[in-house]
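Turn these sequences into a full structure, and let the hints steer you where they fit.
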Amino acid sequence: MKQLMVFIRKEFHHILRDPRSLLVLLGMPIVQLLIFGFAITNETRNTNIAVLDNAKDQSTQNIITRIESSRYFDIDRTLNTNGQIEHAFKTGKIKVAVIFQPDFQNELAHANKAQIQIITDATDPNQATTLANYISAIVMDYQSEQNQQNNLPYTINTEMRMLYNPELKGAYSSVPGVMGMILLLISAMMTSISIVKEKELGTMEILLVSPMKPALVIVSKVIPYFVVSLINVVTILLLSVFVLGMPIQGNIILLITVTILYIICALSLGLLISTITNSQQAAMLVSLLGLMLPVVMLSGYAFPIANMPIVLQVLSNIVPAKWYIIMVKSVMIKGLGFAGVWKEALIIIAMTVFFIFVSIKKFKIRLS
Amino acid sequence: MKAVVLENIVKTYKTKKSTVTAVDDVSFSVEEGELFGLIGPDGAGKTSIFRILTTLLLADKGSAKVLGLDVVDDYKKIRDIVGYMPGKFSLYTDLTVEENLEFFATIFNTTIKENYDLVADIYKQLEPFKTRRAGKLSGGMKQKLALSCALIHKPKILFLDEPTTGVDPVSRKEFWEMLKRLKAQGISILVSTPYMDEAKLCDRIALIQNGKIMKIDTPQNIVNQFGKNLYAVHSEKMFNLLNDLRDYKKTESCYAFGENHHLSMKDEEYNLDEIKSYLEEKGHRRATIKKIDPGIEDCFMQLMKK
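Heads up: the protein sequence lines correspond to chains A and B, in order. In terms of the working numbering, the numbers along the first sequence are unbroken and rise by one, the last being 368. In terms of the working numbering, the numbers along the second sequence are unbroken and rise by one, the last being 306.
The hints are simulated quantities; they were obtained by calculation from the structure and are not laboratory data. A few of these clues could be false.
Facing chain A, from chain B, some residues (calculated, C-beta under 10 Å) [to be verified]:
hint : residue
1    : 83
2    : 85
3    : 86
4    : 104
5    : 272
Just a few of them, taken from the derived set where beta-carbon distance is under 7 Å, the chain B residues facing chain A [stated by the list, open to error]:
hint : residue
6    : 54
7    : 57
8    : 60
9    : 109
Listed next, the stretches of chain B that the computed footprint assigns to chain A, with coverage defined by at least 3 CB atoms under 8 Å from CB atoms of chain A [stated by the list, open to error]:
hint : segment
10   : 68 to 80
11   : 93 to 103
Backbone N, C-alpha and C define an ideal beta-carbon position, used for all residues, glycine too.
Laid out in structure tokens, this is it:
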């Protein structure tokens, strides 16, 4: 027992005495969360648009005012001829152009039909669709108001409700994603590097020949990073609640429990990496390429899994982060209880057992 | 019971193109309480033998026992009782001197206090720096700390792979005195070194070259078996002297040894005056020839030639 304590203390010395790695370990989650929470966001706000109003009557003015007053759009310029549209797009300043047909109000009143053309910059297709939809919605809104004044006999109203995330905040998807990524990175990469470092230094040779059991060596390597990961979990949760304004709907103890399961899974993955690599660089490369990429690409954090080709959908099942992110969303955002996440938890546990089993099989009790 | 027994150990390393035989049919044994030295140049196979005995490597052929325990079947038991200092031994550079020593003491189930007297001589020199990080020590100091770490536990048998490589002569001497003290406490010690002058401090030595053991005996016996007169020759032009002596028809061997060349003659009549006049002919003025006692290194050279 004393051996274990001294060994763990030694590992903490390694971490605490290297200010740079400590900064990375504790600072990276904060920076990533703030970047993904604030700076990089899919939300569209204050998009610059151009308006070409060929009618200049009351209806068009009304619609333009509505567009301008919405928080999604700013009118960057008013155009006078069709020829200016393309130039406006090419300068890159605007994302959308809205064109009203001549004699708009007259047509609307007498022919019951008037046209608005929406042109969007589709270099970013998702954003283009979203923006076009927003403008259509504003126009529809105006139309239904007009209809009510005219007392039409029947109308169909669609009413939307954004469940769990009514304000469509980006933080709701970035917080679980960052947690899945950071915890895996710190636990798996740092653990594997710290074990492989002993091999490189030649101290592993002594540790193997010492009376200390290999299992104890591993446990003492893993515990400090477990603690660091827990500290990160607490910082991430505090930041997401108090800075990003994302409340924890479900049971916080359940959230912490599934997080601990995930951390243990990541640690065992790190252990596995350490048994198959012999240098710190190799361990880092395997961790980054083998873990980071799948987590970002296949966990459903950056790209929706449902939209992927079937092969990648199947492949995404072996990424632990996918299951963890589902659990975090269920507990943190939807407020589900244990009954809502037990399947995912079981998958994570099964993966952990598998990683540990393979690591034990592969662990070298000798040098070669 | 013998401390160490090796029987016909063979170890080969395969590279892509060739197979290297690092240990070639080696057998020897170390008595309990003995200080046994493996003497040989770099690449002779010393480290492989150490790793096989410390259960870190599996031999291709042959068997080995440490304190009666088989290195393959009983590897766990062996790991509980041996002490080992690998040749490539690094300390934790971000731990202090004291923390390093404490760490190694603890993982070997002991404390600094308990075995302080074992390392006192060397560690005393380090004590003024005990709160300094190991990475900030000078090279020699690092090695001294490494030695202290290797010796802090009191195992039944100690394996030291080139413990004095890179250590200054004074510390080397202190280190060997420490080994003697450990030996007096009944610890069997197997030590390897490329320094021939350290060989005579062992009870018995094995001279090893290219994975093969050339001779096993006490240092004194090995020296006695030299069986020839050995001369130290010196002149003003040492480089030419070496070639000229080697060209001399009655010369068996001549090697450069620091300030002098060591010369041994063939088994036929020879005369020192005759050699001197030969050297003068070759233009060596003030050449001196002095009879000396052969050392381990001379014996090693002689055995290598056979």
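Status of the hints after comparison with the structure:
1. 83: This interface hint holds because 8 Å falls under the 10 Å limit.
2. 85: This hint holds: residue 85/B lies near chain A, its Cβ roughly 8 Å from the closest one there, short of 10 Å.
3. 86: 5 Å, holds
4. 104: This hint holds: residue 104/B lies near chain A, its Cβ roughly 8 Å from the closest one there, short of 10 Å.
5. 272: 52 Å, violated
6. 54: Status holds, d = 5 Å.
7. 57: 6 Å, holds
8. 60: 12 Å, violated
9. 109: Hint on residue 109/B: holds, closest Cβ of chain A at ~6 Å, below 7 Å.
10. 68 to 80: Holds, because 3 residues of the segment 68 to 80 of chain B bring their Cβ atoms closer than 8 Å to Cβ atoms of chain A.
11. 93 to 103: holds (count 5)
Taken one by one, the earlier hints fail for this structure at numbers 5 and 8, listed in ascending order.
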